[in-house]
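There are 4 protein chains.
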Amino acid sequence: MPAPTHNAILLISCPDQAGLVSLVAEFIRRHNGNIIYLDQHVDPEHGAFFMRIEWELENFKLSDEQLSTLFQEDIATPMQMNWRLHYSDQRPRVAIFATRESHCLYDLLSRHQSGELDIDIPVIISNREDLRDAADRFGISFSHYPITPDNKTKQEAEELELLRTHNVDTLVLARYMQILSDSFVSHYPEKIINIHHSFLPAFAGARPYHQAYDRGVKLVGATSHYVTADLDEGPIIAQDVIRVSHRETVSDFVRRGRDLEKVVLARAVWAHAQRKVLVFKNKTVVFS
Amino acid sequence: MPAPTHNAILLISCPDQAGLVSLVAEFIRRHNGNIIYLDQHVDPEHGAFFMRIEWELENFKLSDEQLSTLFQEDIATPMQMNWRLHYSDQRPRVAIFATRESHCLYDLLSRHQSGELDIDIPVIISNREDLRDAADRFGISFSHYPITPDNKTKQEAEELELLRTHNVDTLVLARYMQILSDSFVSHYPEKIINIHHSFLPAFAGARPYHQAYDRGVKLVGATSHYVTADLDEGPIIAQDVIRVSHRETVSDFVRRGRDLEKVVLARAVWAHAQRKVLVFKNKTVVFS
Amino acid sequence: MPAPTHNAILLISCPDQAGLVSLVAEFIRRHNGNIIYLDQHVDPEHGAFFMRIEWELENFKLSDEQLSTLFQEDIATPMQMNWRLHYSDQRPRVAIFATRESHCLYDLLSRHQSGELDIDIPVIISNREDLRDAADRFGISFSHYPITPDNKTKQEAEELELLRTHNVDTLVLARYMQILSDSFVSHYPEKIINIHHSFLPAFAGARPYHQAYDRGVKLVGATSHYVTADLDEGPIIAQDVIRVSHRETVSDFVRRGRDLEKVVLARAVWAHAQRKVLVFKNKTVVFS
Amino acid sequence: MPAPTHNAILLISCPDQAGLVSLVAEFIRRHNGNIIYLDQHVDPEHGAFFMRIEWELENFKLSDEQLSTLFQEDIATPMQMNWRLHYSDQRPRVAIFATRESHCLYDLLSRHQSGELDIDIPVIISNREDLRDAADRFGISFSHYPITPDNKTKQEAEELELLRTHNVDTLVLARYMQILSDSFVSHYPEKIINIHHSFLPAFAGARPYHQAYDRGVKLVGATSHYVTADLDEGPIIAQDVIRVSHRETVSDFVRRGRDLEKVVLARAVWAHAQRKVLVFKNKTVVFS
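Residue numbers (our numbering), protein chains in the order written: chain F, 177 to 464; chain H, 177 to 464; chain W, 177 to 464; chain B, 177 to 464.
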């Protein structure tokens with residue numbers, strides 16, 4: 177496996193105005209950064225500008241600290257920018273939450289194992305014991321936190337402690353069948369990725385395949401989104417559907433839907449890990 | 177163009193039990209009918225059986241009347257069947273309702289003109305004058321019924337009268353921007369086909385592309401369904417989606433969605449015209 | 177209908193190097209152009225740069241002639257650019273070629289009629305009389321050039337003369353069932369758009385639905401491409417597929433494929449008319 | 177996990193004639209079989225009839241041997257049927273062949289582990305050592321047979337011996353990068369399932385993603401098919417595509433294509449394992 181590249185990735189959002197692309201690109205070139213990716217987007221409705229730019233640091237003349245300071249002073253402050261800086265060799269540290277269904281978990285673990293996903297997975301957390309065996313197969317620590325109405329606050333506090341211990345910065349809910357409290361969610365804004373087994377906003381809530389079957393739809397879907405305090409209402413990162421017909425039962429929906437769920441979730445995790453997702457007003461910009 | 181075939185088409189629904197397929201097929205063969213299509217479906221949840229069977233009448237020994245009487249006595253009554261009998265050379269007589277958007281109307285008219293759709297279109301009805309020109313191009317009668325809250329009851333009564341005059345049996349709402357009254361709908365149960373520009377049940381009601389844009393979905397859809405008293409809640413006949421991204425505005429959704437709408441509506445009209453659709457408990461069986 | 181906007185659209189390809197986007201954007205801003213669209217692409221394999229930029233001319237300080245001269249001198253020559261300049265109110269003048277199948281023709285005519293396609297259609301050309309009626313319905317001139325092996329050279333010469341008379345700059349082959357001679361094609365490089373009813377390169381040549389049926393594929397497709405001297409080998413602009421199964425016959429493929437063909441062809445014509453397509457080494461860049 | 181059901185599954189092909197469905201269904205009912213699935217298909221081009229019927233054996237009055245004998249005498253011989261009888265609790269015994277790419281292998285192993293695939297996997301065979309670790313994670317025997325032009329005949333003979341030892345009846349080539357000899361293939365007719373990373377027949381042979389990239393297609397696909405003596409020409413079981421654009425490089429095709437490959441292969445293996453696939457004249461009938 178090749179040594180990981182050491183690139184900088186800058187994600188920007190700000191009020192739109194002329195010359196923003198040049199301004200940022202010039203700043204990087206002036207300090208000898210070799211730009212290898214640049215994509216931008218303007219939201220015409222809100223007059224908002226979004227940009228992702230990545231450059232090689234090999235001959236870059238600024239230290240990380242200088243970069244942050246200078247960029248803030250020279251560009252971000254005058255242009256009223258929100259910005260985040262990532263380094264390509266600082267991989268997201270991901271905790272996977274799961275319950276009983278193994279397909280999304282196995283899919284993420286095998287993608288991680290094969291090097292397809294640039295993430296670290298220090299821990300798998302579950303409210304049940306069912307998937308300990310899957311974690312063991314891939315040599316990943318498994319922590320069991322059974323949740324009841326009575327112990328939920330205490331258990332979430334311990335989970336947060338564990339996440340801190342592992343320096344986790346991203347949570348992936350791989351068919352985790354517990355609702356996280358608002359308080360818990362507030363610790364990881366735009367950092368908890370869920371997979372919901374319907375094309376949201378249709379069939380939010382429980383048993384979406386049953387809802388879809390009862391409504392008689394001709395397509396079933398899956399949606400990956402960031403978790404917010406409003407259940408199933410967070411910004412959508414990826415969605416897809418498959419065609420179904422009257423011939424199929426709920427259990428066919430469930431079986432065929434699993435393929436959707438794992439692919440859609442993996443697409444969202446990949447985009448997040450590549451620092452390609454920006455959130456603005458509960459919608460995402462997913463750079464290509 | 178070849179002379180239309182003279183086939184019989186029987187659509188059946190009844191409680192499921194062993195031997196139904198043989199029973200019906202044997203009845204037809206006994207009277208010298210040559211079966212050219214047979215498809216059936218069992219809804220395991222409700223124990224319901226559905227069947228579509230089509231046969232050539234060339235050497236069939238029963239008159240239309242004898243067929244109806246005998247089938248009712250010998251099979252339908254003992255098996256508690258609901259059934260409808262169609263003849264392939266009795267084409268549905270369709271009134272198209274439209275308002276301002278021409279894409280679905282032009283699409284249906286050109287499919288009709290080229291012989292793709294086995295229907296007659298005696299009349300186009302609109303609450304505006306905008307599409308009179310389109311009707312004229314294809315030599316089809318155009319009737320203008322402006323609708324206001326005050327005149328709605330009276331206008332619908334006159335529309336019903338016109339539909340009766342033209343022996344219309346099927347209504348297609350090709351982006352018709354008026355809500356039909358429950359009373360009006362009750363005259364054409366499972367015979368009014370609408371196109372809604374979203375993947376229902378998501379984004380029912382007004383301005384679905386705007387709703388979709390605001391929610392930030394990654395797919396937009398279109399749904400064709402039978403109209404019932406519950407707006408956008410009728411049995412779904414056909415659905416499809418296209419992929420969208422943050423790059424697209426509402427007007428891109430509208431433009432690209434038009435292709436979906438016209439294809440999905442035409443698919444539903446075709447299936448209806450081919451007598452391939454059965455409704456059961458607000459869901460459709462669409463035979464292949 | 178609103179008055180057409182008067183914007184300039186510049187399409188550029190050149191060897192990739194740092195700062196190209198800024199260079200072009202700065203040039204336009206310096207002369208008071210308000211940029212409303214900018215998209216670029218780098219082909220890393222060939223080190224090639226592509227760009228589409230559109231700006232409002234309302235306060236732009238250069239005349240059309242000055243713009244061309246200055247852009248060539250200041251930027252295009254030093255950067256070794258190929259470039260084309262379009263104005264949004266100079267609509268492509270399109271001749272549609274068709275034979276017997278009417279679905280693509282009707283689809284283009286109704287899109288044109290409703291204002292969806294920013295093109296003029298001065299003439300429809302056919303090797304048969306079948307579609308004269310369709311042209312008449314939309315009030316468009318129809319010219320009949322029957323083609324035989326003996327008269328082909330002469331007829332193509334007359335067609336070219338007719339196209340010149342009508343100032344045609346784009347040809348759309350809407351299921352035109354004649355092969356254009358290399359000589360004819362050479363008059364309209366990257367300006368003849370064809371629809372082929374398969375997912376090229378599969379099933380090039382005659383009767384692609386029959387080929388697809390014989391091979392037993394589970395998807396059938398349609399491909400719109402620029403015509404080159406190599407039959408079915410030109411740069412692909414748009415492609416799509418639909419799912420089929422063993423239940424479907426060739427005539428089902430033909431019927432369902434028509435919807436694909438017309439949508440895929442219209443997508444390609446729209447992108448071409450919006451000046452969103454660049455060709456490089458027999459492939460297209462289709463800007464979003 | 178519930179005890180596996182003990183059902184019989186009969187797959188039939190024969191010349192089409194009236195009454196075949198009734199004939200078979202009656203035979204089963206007469207001996208007290210409770211039919212839980214029946215689907216049939218007529219190929220009108222070849223006048224061929226295909227059927228899949230499944231029934232519960234709980235109260236069935238015939239032993240396995242009696243069933244075979246009686247069915248042959250009473251029905252198969254007079255109707256010139258080819259038929260195969262399976263029992264739902266006799267799971268296919270599958271050997272997976274793989275080389276270096278792990279995504280299809282991990283996908284099959286995790287589906288197997290979770291009980292989604294009703295198969296046994298006694299052995300994984302590879303021409304390299306790379307994936308031994310994946311086999312170990314799931315506790316499955318891994319056999320390494322390096323292949324060179326010189327040792328191929330001998331190695332294949334040993335592989336065949338190993339497959340016999342394990343009573344393997346189905347081979348799945350999960351991105352196995354060796355071409356099997358005709359002689360080897362002849363031992364498992366319609367029992368070797370391959371995944372090819374293109375929408376065949378486009379881009380047969382080596383490096384299909386590179387071929388697709390060079391041709392500039394707007395869709396890339398994957399195809400699962402039975403292996404025959406003609407490379408990439410066997411009967412297609414499942415196919416799917418994803419949309420690509422000029423923005424994507426070959427390595428994007430490779431990355432995104434992996435999701436297609438594993439889902440399409442798994443769909444084919446599932447249909448094969450459920451005894452839902454019949455081959456006729458190099459095409460498949462895949463029952464729903």
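Read the hints as simulated data drawn from the structure, not as lab findings.
Here the structure is a predicted model, which is why all the values come from computation and not from measurement.
Incorrect hints may appear among the rest.
You can't tell identical chains apart in this list, so a pair holds if it fits in one copy or across any two.
Said to hold, decoys possible - List time: in silico SDA-like cross-link candidates among lysine to any residue, alpha-carbon distance up to 20 Å: (1) LYS452 - SER427; (2) LYS452 - MET257; (3) LYS328 - PRO377; (4) LYS237 - ASP250; (5) LYS330 - ILE355; (6) LYS237 - TRP446; (7) LYS237 - ASP219; (8) LYS237 - MET353; (9) LYS452 - PHE318; (10) LYS330 - ARG391; (11) LYS459 - GLY315; (12) LYS237 - ALA449; (13) LYS452 - ASP215; (14) LYS457 - HIS386; (15) LYS367 - TYR213.
Comparing the hints with the structure gives:
1. Taking the closest pair of Cα atoms, LYS452 and SER427 come within 20 Å of each other only across two copies (17 Å); inside a single copy the shortest separation is 35 Å, beyond that limit.
2. In this homomeric assembly, LYS452 and MET257 come within 20 Å of each other (Cα to Cα) only inside a single copy, at 17 Å, whereas the closest approach across copies is 31 Å.
3. When the C-alpha separation of LYS328 and PRO377 is checked against a cutoff of 20 Å, the pair qualifies neither within a copy, at 27 Å, nor between copies, at 34 Å.
4. Only within a single protomer do LYS237 and ASP250 lie at most 20 Å apart by alpha-carbon distance; the minimum there is 16 Å, versus 31 Å between protomers.
5. Taking CA atoms no more than 20 Å apart as the test, LYS330 paired with ILE355 passes inside one copy only; the shortest distance there is 15 Å, against 53 Å between copies.
6. In this assembly of identical chains, the alpha carbons of LYS237 and TRP446 never lie at most 20 Å apart, being 30 Å within a copy and 46 Å across copies at closest.
7. For the identical chains of this complex, LYS237 and ASP219 are neighbours neither inside a copy (33 Å) nor across copies (28 Å), given an alpha-carbon limit of 20 Å.
8. For the identical chains of this complex, LYS237 and MET353 are neighbours neither inside a copy (48 Å) nor across copies (46 Å), given an alpha-carbon limit of 20 Å.
9. In this homomeric assembly, LYS452 and PHE318 never come within 20 Å of each other (Cα to Cα): the closest approach is 29 Å inside a single copy and 39 Å across copies.
10. For the identical chains of this complex, LYS330 and ARG391 are neighbours neither inside a copy (39 Å) nor across copies (34 Å), given an alpha-carbon limit of 20 Å.
11. Taking the shortest alpha-carbon separations for LYS459 and GLY315, neither the intra-copy value of 36 Å nor the inter-copy value of 44 Å comes in at or below 20 Å.
12. Neither within a single protomer nor between protomers do LYS237 and ALA449 lie at most 20 Å apart by alpha-carbon distance, with minima of 26 Å and 46 Å respectively.
13. Taking identical chains as interchangeable, the C-alpha atoms of LYS452 and ASP215 lie at most 20 Å apart whether they share a chain (10 Å) or sit on different chains (18 Å).
14. When the C-alpha separation of LYS457 and HIS386 is checked against a cutoff of 20 Å, the pair qualifies only between copies, where the shortest distance is 15 Å, while the shortest distance within a copy is 31 Å.
15. In this assembly of identical chains, LYS367 and TYR213 lie within 20 Å of each other by CA distance neither inside one copy nor across copies; the values are 23 Å within and 32 Å between.
Hints 3, 6, 7, 8, 9, 10, 11, 12, 15 from the earlier list are contradicted by this structure; the remaining hints agree with it.
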